[in-house]
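Sequences and hints are given; from them, build the entire structure.
2 protein chains.
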Amino acid sequence: MEQQVNVGLLGFGTVGSGVVRIIEAHQEQLLHQVGCPVQVKKILVKDFEKKRDVKVDPSILTNCPEDIIDNPEIDVVIEVIGGIDETKKYILTALKNKKHVVTANKDLMALHGGELLAAATENGCDLFYEASVGGGIPLIRSLVEGLSSDRITKMMGIINGTTNYILTKMSKEKASYEDVLKEAQKLGFAEADPTADVEGLDSARKMVILSTLGFSMKIHLDDVTVEGISKVGLDDIEYAKQFGYTIKLIGIAQRDNGRVEISVQPTLLPHAHPLASVNDEFNAVYVYGEAVGETMFYGPGAGQLPTATAIVSDLIAVVRNMRLGVNGKSVILPQFDRQLKEKDEIHSKYFLRFQVKDEAGAFSKISSLFAEHHISLEKLLQEPLDKNGMAQVVIVTHKTNKQAYEEVLIKLRDLDVVYEVKSSYRVEGE
Amino acid sequence: MEQQVNVGLLGFGTVGSGVVRIIEAHQEQLLHQVGCPVQVKKILVKDFEKKRDVKVDPSILTNCPEDIIDNPEIDVVIEVIGGIDETKKYILTALKNKKHVVTANKDLMALHGGELLAAATENGCDLFYEASVGGGIPLIRSLVEGLSSDRITKMMGIINGTTNYILTKMSKEKASYEDVLKEAQKLGFAEADPTADVEGLDSARKMVILSTLGFSMKIHLDDVTVEGISKVGLDDIEYAKQFGYTIKLIGIAQRDNGRVEISVQPTLLPHAHPLASVNDEFNAVYVYGEAVGETMFYGPGAGQLPTATAIVSDLIAVVRNMRLGVNGKSVILPQFDRQLKEKDEIHSKYFLRFQVKDEAGAFSKISSLFAEHHISLEKLLQEPLDKNGMAQVVIVTHKTNKQAYEEVLIKLRDLDVVYEVKSSYRVEGE
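Quick mapping for you: the protein sequence lines, in order, are chains G and R. Residue numbers for the first sequence follow UniProt numbering, beginning at 1 and rising by one. Residue numbers for the second sequence follow UniProt numbering, beginning at 1 and rising by one.
These aren't lab readings, by the way, just hints derived from the structure by calculation. No incorrect hints appear here.
Simulated crosslink set (SDA-like; lysine to any residue; CA at most 20 Å straight-line): (1) K241/R <-> G429/R; (2) K241/R <-> A272/R; (3) K329/G <-> P37/R; (4) K218/R <-> Q33/G; (5) K172/G <-> P270/R; (6) K329/R <-> P37/G; (7) K329/R <-> C36/G; (8) K329/R <-> G325/G; (9) K329/G <-> G35/R; (10) K402/G <-> S368/G; (11) K154/G <-> A25/R; (12) K154/R <-> A25/G; (13) K329/G <-> G325/R; (14) K218/R <-> E28/G; (15) K329/G <-> S330/R; (16) K329/R <-> L324/G; (17) K329/G <-> G328/R; (18) K329/G <-> L324/R; (19) K329/R <-> H32/G; (20) K154/R <-> Q29/G; (21) K169/R <-> H273/G; (22) K329/R <-> Q3/G; (23) K169/G <-> A272/R; (24) K329/G <-> K329/R.
Encoded structure:
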């Protein structure tokens, strides 16, 4: 029997409790897989008295991070407290003290992943973060190892459970965004402050992590164009349905000729597209490789035990590396400088809904505007509105470039016959 | 620059050519990932003159396997010739000569995986086989690493592209099994002798590999109950559709209370089940873990470049391990003795279609038979047939155990009112 591996846990909330539960429940299996016992030795908590769904010896609780990150007995630090600046300091200290780190912190990895991974390599330590994207789906490992021989050209997916839950409910129950959000908050599917989820920031951070790995480029959060779902209305969902589409919050990272675009936005997908039937809080990511073609990874994107599974799988990888003496050797730094596409290099279809004055010549003015910018229309619906003399126009364009489309959008708003542009979304998957 | 890694390729068919293409096309990327050049040094061929879709220096071709497996210059052997007994000898010799091995050979791994992995470990060599199941989908890696901390309870999937192509075409085009098979052979989606695919043996071998890994038990090919698709008729597909189901060839491996069942058979899935919309030659596997819940992996199950991608990803893993000096350390032998379920422990629904004499009391005899065996019926359809005085009966049972169901099936065939039992399939995914 080899020497025990001691784990220090930063944070003892939902996910932290899940980690403790899995490590306890799987002692025998862990022993078989890594050849030595693994034990949680210290846990950083804010509140000693808080009720938790796992029981631990109270003597291992501490409110002092140094008891973990400076503790020579601790071999591996698992970080599940979230936050950025202070947490970054903890992790850097832990690495400096030659402790391996497993984190679920997408915010931190998206912002400071490069610096943290460099510090890990420098100190001969592992830093794993499978749980930071896609919860229990082994997505990062698949990108780094399973598809390592391929050249990835596109990643497209649903990577935020809260927004997918909201859009699924809105679509199925014809309930308004506000009502569904409230219900989701009550059920614990949405945070009290849901901004990071519903405005797409959470997804954007995950896209930074995925595209940095998939394209081997250091992508910055600023490189991601972000739009959330808070303005998606039931009307949009219904008109999209009528045209054969489902609206999802989709992260897209695409590479063409060495240049990339990364974005997160409400996107229309044909009903038959596999991502269109990924419902509720589930996540799924399509990965397109030059050689492999298309693969998809589907699973729970969050939740106590799925996230804890990804963390403990990382822990197992750390302990295996410890036994082999190869920690800190698996990081591959980005190979390419990042080259972002200009707007006129980003091509897609668009769905556009606006209201016009229902008068002679109105549509001719509009269609000339599109024609001038060489945007042709694939689908078109015009119907009278209840409002006095107004009509609703819904359009799906053929593929066009973003530059031209945005110019049209600005000019459209200025047309005297146009009353209001209600919504505009990207269309993918055709 | 570190010393070059030399690869010997056993076989230069479709997949072998793909491997050479990927290694050549990705030299720069490979160099970045593994830190040293990787080169194909020798290729075993049968026919020196055969036209191939990649050009190589003719001097590296050989028809003598010893030029590779006994060649001190070769570091890694990639086996893509297929076959069992002779190929096994080649691999064992290569391992004895301290060469790492990457293979796509599911037949060999299903039958002799245990022995080969033991030989690899003994000789401090890697033996990787990601391409043996699910082509380009990084499935084995996900089971071994990504979900290593979880306890897998069920795997269910479409793992044979040929049969999925045939069933998809039958269902969409209402074409007969024989016609679609002929077309598939013409297009290269089915072999000249399609027996191993259509009779389920190929899927069974893959289920042996998946369940050995997923359940950490040494599963034998004999442990798998196998039924192919050659008897699936258009009538079955149509009646299934009418009841809301799609017929797929499904491999199932399920563990309950430490006891397992493994099977491959035509299976009815509700249209809304994600596996029901996995079409054409695509593969997909659902993995259920106690903690993670359900995850799914989808992608091309075969084909030159997808398979070659999996092989070269394994090659990269081997070379990384060489650089770290940890080859042969990653094999984890099965932890548990295998415990197979008895028939009365295997629970599922069944779809059953049979023809009866359309006479008074006929259905009462049939329903009493089911009732005696405590099998209740969920869905039922009876309709007259064109034949004289005959009726078609289609039934979906509630969940029952296999023992009881098979007894009923035998007795049903003996009933004087039953003319013929046409088909009987498992129903899953509800």
